Amino acid sequence: MAGRAAWACRAWRPPLRRRLDGPPRALAGAPPRRLFSGPAVQVELQEGAGVAVMKLKSPPVNSLSLELLTEFTISLEKLENDKACRGVILTSAVPHIFSAGLDITEMHGKSPEHYAEFWKAVQEMWLKLYKSSLGSSPAGGCLMALSCDYRIMAENPKYSIGLNETQLGIVAPFWFKDALVSTIGHRAAEQSLQLGLLYPASDALKVGLVDQLVPEERLQSAATQVMAQWLATPDHARQITKSMMRKEVVDRLLKHRDADIQNFVQFISRDSIQKSLQMYIERLKQRKT
Amino acid sequence: MAGRAAWACRAWRPPLRRRLDGPPRALAGAPPRRLFSGPAVQVELQEGAGVAVMKLKSPPVNSLSLELLTEFTISLEKLENDKACRGVILTSAVPHIFSAGLDITEMHGKSPEHYAEFWKAVQEMWLKLYKSSLGSSPAGGCLMALSCDYRIMAENPKYSIGLNETQLGIVAPFWFKDALVSTIGHRAAEQSLQLGLLYPASDALKVGLVDQLVPEERLQSAATQVMAQWLATPDHARQITKSMMRKEVVDRLLKHRDADIQNFVQFISRDSIQKSLQMYIERLKQRKT
Amino acid sequence: MAGRAAWACRAWRPPLRRRLDGPPRALAGAPPRRLFSGPAVQVELQEGAGVAVMKLKSPPVNSLSLELLTEFTISLEKLENDKACRGVILTSAVPHIFSAGLDITEMHGKSPEHYAEFWKAVQEMWLKLYKSSLGSSPAGGCLMALSCDYRIMAENPKYSIGLNETQLGIVAPFWFKDALVSTIGHRAAEQSLQLGLLYPASDALKVGLVDQLVPEERLQSAATQVMAQWLATPDHARQITKSMMRKEVVDRLLKHRDADIQNFVQFISRDSIQKSLQMYIERLKQRKT
Numbered sequence: 095m096a097g098r099a100a101w102a103c104r105a106w107r108p109p110l111r112r113r114l115d116g117p118p119r120a121l122a123g124a125p126p127r128r129l130f131s132g133p134a135v136q137v138e139l140q141e142g143a144g145v146a147v148m149k150l151k152s153p154p155v156n157s158l159s160l161e162l163l164t165e166f167t168i169s170l171e172k173l174e175n176d177k178a179c180r181g182v183i184l185t186s187a188v189p190h191i192f193s194a195g196l197d198i199t200e201m202h203g204k205s206p207e208h209y210a211e212f213w214k215a216v217q218e219m220w221l222k223l224y225k226s227s228l229g230s231s232p233a234g235g236c237l238m239a240l241s242c243d244y245r246i247m248a249e250n251p252k253y254s255i256g257l258n259e260t261q262l263g264i265v266a267p268f269w270f271k272d273a274l275v276s277t278i279g280h281r282a283a284e285q286s287l288q289l290g291l292l293y294p295a296s297d298a299l300k301v302g303l304v305d306q307l308v309p310e311e312r313l314q315s316a317a318t319q320v321m322a323q324w325l326a327t328p329d330h331a332r333q334i335t336k337s338m339m340r341k342e343v344v345d346r347l348l349k350h351r352d353a354d355i356q357n358f359v360q361f362i363s364r365d366s367i368q369k370s371l372q373m374y375i376e377r378l379k380q381r382k383t
Numbered sequence: 095m096a097g098r099a100a101w102a103c104r105a106w107r108p109p110l111r112r113r114l115d116g117p118p119r120a121l122a123g124a125p126p127r128r129l130f131s132g133p134a135v136q137v138e139l140q141e142g143a144g145v146a147v148m149k150l151k152s153p154p155v156n157s158l159s160l161e162l163l164t165e166f167t168i169s170l171e172k173l174e175n176d177k178a179c180r181g182v183i184l185t186s187a188v189p190h191i192f193s194a195g196l197d198i199t200e201m202h203g204k205s206p207e208h209y210a211e212f213w214k215a216v217q218e219m220w221l222k223l224y225k226s227s228l229g230s231s232p233a234g235g236c237l238m239a240l241s242c243d244y245r246i247m248a249e250n251p252k253y254s255i256g257l258n259e260t261q262l263g264i265v266a267p268f269w270f271k272d273a274l275v276s277t278i279g280h281r282a283a284e285q286s287l288q289l290g291l292l293y294p295a296s297d298a299l300k301v302g303l304v305d306q307l308v309p310e311e312r313l314q315s316a317a318t319q320v321m322a323q324w325l326a327t328p329d330h331a332r333q334i335t336k337s338m339m340r341k342e343v344v345d346r347l348l349k350h351r352d353a354d355i356q357n358f359v360q361f362i363s364r365d366s367i368q369k370s371l372q373m374y375i376e377r378l379k380q381r382k383t
Numbered sequence: 095m096a097g098r099a100a101w102a103c104r105a106w107r108p109p110l111r112r113r114l115d116g117p118p119r120a121l122a123g124a125p126p127r128r129l130f131s132g133p134a135v136q137v138e139l140q141e142g143a144g145v146a147v148m149k150l151k152s153p154p155v156n157s158l159s160l161e162l163l164t165e166f167t168i169s170l171e172k173l174e175n176d177k178a179c180r181g182v183i184l185t186s187a188v189p190h191i192f193s194a195g196l197d198i199t200e201m202h203g204k205s206p207e208h209y210a211e212f213w214k215a216v217q218e219m220w221l222k223l224y225k226s227s228l229g230s231s232p233a234g235g236c237l238m239a240l241s242c243d244y245r246i247m248a249e250n251p252k253y254s255i256g257l258n259e260t261q262l263g264i265v266a267p268f269w270f271k272d273a274l275v276s277t278i279g280h281r282a283a284e285q286s287l288q289l290g291l292l293y294p295a296s297d298a299l300k301v302g303l304v305d306q307l308v309p310e311e312r313l314q315s316a317a318t319q320v321m322a323q324w325l326a327t328p329d330h331a332r333q334i335t336k337s338m339m340r341k342e343v344v345d346r347l348l349k350h351r352d353a354d355i356q357n358f359v360q361f362i363s364r365d366s367i368q369k370s371l372q373m374y375i376e377r378l379k380q381r382k383t
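Protein chains in written order, with this note's numbering: chain A, 95 to 383; chain B, 95 to 383; chain C, 95 to 383.
In isolation and in its complexed conformation, chain A is listed as follows:
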């Protein structure tokens, strides 16, 4: 069973015929079929319902490493090209966590070329996913969630979600910011990003960072239920609508993509930032011991 998890509802290249067939087939009852699996991501597809479940499986905390990001993006692309798939539920195979966010070790002690490659992978993932649903945890996990259509979080005061970059001495890029502002509004986003806030589940619901809280054991069924509502809308109209809603934010990143990579590389390569990250990594290690 997935941990604290999340789900995603994507609308892509939908078979137009289906749109005219009335409501979609029921999601329940269909036997799951294993589709494909790599070292960090596992994908199952419920053929009847047209819904895939993607699980991150990179213990201990599903850090968004270059490897995981790349595998994630490729898996999503495969699903987009699969006509049997109309939506995807995003969750975790690691207990009690969706993802700890961007992998800090990819941003420390490496070459500028590596930083650039990593950041590009983050951008790719986001651009692919910025039409999908829930993550829960620091930074990258939250970013994945913000890209989804709907966010469900386990009702547990120990779980939290947010973009905590400033706590590490680094800065969320403008497109993280844009996605956050679109979700919780400008004022809440400003406070959230300046302080690097991690919201406990109940606060996350209040501020609008997640849409629903459910007991941990009901995450998957709740996601399936909401997904059914989403897929009851004609795919084509919903897809155009979604793309209209997100066009401005997507276009801004596309326009400044290279500058954003350069900016990241330059910032992260600074001695002061590298020292700051090293301290953070050491603190994390001490916590584990």
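No lab work stands behind these hints: they were computed from the structure.
For identical chains, the list gives no copy identity; a pair is met inside one copy or between any two copies.
Straight-line C-alpha distance at most 30 Å; calculated DSBU-like pairs for lysine-lysine:
#1 Lys177 to Lys369
#2 Lys369 to Lys341
#3 Lys252 to Lys300
#4 Lys177 to Lys151
#5 Lys341 to Lys214
#6 Lys300 to Lys222
#7 Lys369 to Lys214
#8 Lys341 to Lys222
#9 Lys379 to Lys214
#10 Lys300 to Lys341
All values reported here derive from a predicted model rather than from experimental measurement.
Given the structure of chain A, go ahead and fit chains B and C onto it with the hints provided.
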């Protein structure tokens, strides 16, 4: 008496003298005078208060047909040129409904020229009204409401309001979207438009789609009361402020007006969309029998 | 003790070393040191905490006169250049009020040159402060508050906050509007500005115009507490984040600064506006007698 109705508060070309005269004359007590009436819209003006009441009267559901839209826009223009009028309350003469929204029959089985003419009339109405108050019902009714300054809805769980285009397999244009985002924020608008949600009265209040719920028999008096508060602000300052608040959204439509018409015509002329609308019309007919 | 007050948390040119030193020194315990004081503004700095307290002291109501604005901007600049200062709490030395807002006498019966000079001073103050915390009262007081990072208001039903320009027959400029929309959202801002609403403390909290209400005697300690949370985030990352959040609004004013001054001078010089302001001033005088 009006049904589920709505009201609007417009600020236009105000006699500047009045602004300096202190608070406006009381709205109550003034005898109503019939101003003018056409087949689909009826307008009364309370001379003393400077407030007009516009009632849609196109049974069974006040569908926004080309005829109604044209008459509506002309009536609004007349009121703008009438120095005795400072505000307008928008409501319905048909019981239990403000408007069912855009008339689907205008979008089905007609020529491209007709589609273009119809869409232009929708744009005209919106541009005129995007300085006014409440509608309640699918699509067009909601659009009228979103263009107003304040929205009052009858407190009845059977009544609903929203932009349900996607449910019909069509897509709300960007200026519907802009007006909705301005009213309920980006996140709520995204969910609302993707799913084509129709909000029951209490949900509409919660999400901010309407500003106030009152018992059906008090719609008109509540509208009159709020209008008095609106007109207590100096017209000139209020008008400039309103235009500053809405400039960006209005300018975007003005800039892309022709492209928006072409886009609508092309989309609505597709075989798949025409089939989708036909199915919807047939379902509506079956419901009536 | 300060009255109804406010506080501000600024992030500027932070000594980078400090960012790497872990959490900031405790705010409590450090003895305050008088830094500098002019006729309208008094500044104290808690050396240990790196926090300055700025108090407006221009009885009876701390009107934002040309003199106060100029002194305020200069004081803020001094603090920015002071490496011992990392944040500033903004409050009032006049009991029961933070500020009554822009000084109307600066906008009435003077020369166009004076109006231009005054408006430029308002812009300067705003541009400097649009990285800082609470005001409470009509117009200018609210504008100062909107420029801060966090707003604390005394829990007293007699106190209110808002931008009431339209009530005076004048119009809030687009950058007041932008800051308000960023804080409370577009819909609430539209209603607020059109009607020139002054929100009682509890409503101000509800709409999001202030972040916290506390008993009057706890204003300063609450501000100190929140400031500690703010300063626990690495200065550098927080500062870049803040500037990213506010860049669009700041850039818009910078781009249209001269046109905005000309626009103000032309508007305020009109006979009708001057008469309107005179009436308002006379009403204020009568209230005092």
